[in-house]
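Residue numbers (this note's numbering), protein chains in the order written: chain S, 614 to 699; chain R, 25 to 104; chain U, 2 to 114.
Just so you know, these hints were derived from the structure itself, not from any lab.
Backbone N, C-alpha and C define an ideal beta-carbon position, used for all residues, glycine too.
A couple of the hints might just be wrong.
Ranges between beta-carbon positions, derived for each pair [what the hints assert, rightly or not]: (1) S:K697 - R:I91: 34 to 44 Å; (2) S:N616 - U:N82: 34 to 44 Å; (3) U:P31 - S:N616: 36 to 46 Å.
Now the stretches of chain R that chain S is said to cover, found in silico as 3 or more residues with beta-carbon under 8 Å [claimed, not checked]: (4) 32–45; (5) 51–65; (6) 79–89.
The residues making up each chain are set out below.
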Amino acid sequence: MVNTILIVAGVFMVLGILLSLFRFIKGPDITDRTVAFDVMTVTSISVIGLIAYFAGRIIYLDVALVYGLLSFLSVVAIGRYIEKGL
Amino acid sequence: MSIILAIFLGLVILILAFAAIYHKNIKVAIIASGAVGLFASVLYLLLAAPDVALTEASIGSGLSTIIFFYVLNKIRQSND
Amino acid sequence: METLEIIGALVTLLGSIFIFLGGLGIVRMPDLFNRIQAGTKASTLGTILSLFGLAIINEAWIWKLLVIIFFVLITNPVSSNVISRAAHFRGIKMTDKTVADLLVDKSNKPGEE
Chain S
614 MVNTILIVAG
624 VFMVLGILLS
634 LFRFIKGPDI
644 TDRTVAFDVM
654 TVTSISVIGL
664 IAYFAGRIIY
674 LDVALVYGLL
684 SFLSVVAIGR
694 YIEKGL
Chain R
25 MSIILAIFLG
35 LVILILAFAA
45 IYHKNIKVAI
55 IASGAVGLFA
65 SVLYLLLAAP
75 DVALTEASIG
85 SGLSTIIFFY
95 VLNKIRQSND
Chain U
2 METLEIIGAL
12 VTLLGSIFIF
22 LGGLGIVRMP
32 DLFNRIQAGT
42 KASTLGTILS
52 LFGLAIINEA
62 WIWKLLVIIF
72 FVLITNPVSS
82 NVISRAAHFR
92 GIKMTDKTVA
102 DLLVDKSNKP
112 GEE
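If we strip away everything but chain S, and leave its shape as in the complex, we get:
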């Protein structure tokens, strides 16, 4: 019962990644692609949480923490570059 509900939740997360990937391919400007990148990485943290639940290992959550930190740093670097210079 619990596993079925979590698999349905994973399908919704995968659909969210797919929609933001469509905006990443289509987006007319670089800022649209940066927003799509941000949404993809934040969604991937949830996917990593589901993978950690299904594998049953707590060490995977450390990867989620480092992943969130580096995606935040990357988005801030891109935004500072677009605005005036790094």
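Starting from the known structure of chain S, fit chains R and U onto it as the hints suggest.
Frame of chain S, contents of chains R and U only:
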């Protein structure tokens, strides 16, 4: 169930890699390259290798994207 | 014990539905700033709800998941603000339905770089 997610992540990495190679705008290519690193990190985690996933996420996304934008800022052209 | 696990799974399902709505809003919205609103806020709420649902299911993981939730709650509005400010100074046009722009009063001309 996990093999379907692995195939999906492989297709996403393939699409982003083609965008990184063939796109005309170089900044979009750099962002696509960083996204390839992040999804490759999720794929390594799915294949039960968390240490490789940590290294890939820190080097492939964070460091290379920041270094590319730093160099691109040094050689910034007038027409953006 | 069983009902608590089912409640946690339903909270995770609610969070994943919010993530899907954020992805739908990032495709359907007509403007960059509306895309930032739809994408980042819905995605933040969805991630927080799904990680909190996993914390309800598995009680031994609750502290590390709370650290991740706190981190996402702090860093995600900051990145949204950085993207929005960069887009404003780059000179992205708004759609016609937007009626207020508070940043243009406090600064010099937008889009001049």
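For each hint, the structure was consulted:
1. Range check, S:K697 to R:I91: about 19 Å between beta-carbon atoms, so the 34 to 44 Å window is missed.
2. Distance hint for S:N616 and U:N82: a CB-CB separation of about 38 Å, consistent with the stated range 34 to 44 Å.
3. Our hint of 36 to 46 Å for U:P31 and S:N616 holds, since their Cβ atoms are close to 39 Å apart.
4. Counting residues of the segment 32–45 of chain R whose CB lies closer than 8 Å to any CB of chain S gives 5, so the stated coverage by that chain holds, three being the minimum.
5. Closer than 8 Å: that is the beta-carbon criterion, and the segment 51–65 of chain R has 9 residues meeting it against chain S, so the requirement of 3 holds.
6. With 5 residues having a Cβ less than 8 Å from any Cβ of chain S, the segment 79–89 of chain R passes the three-residue criterion, so the hint holds.
In the structure shown, a violation is registered for the earlier hint numbered 1 alone.
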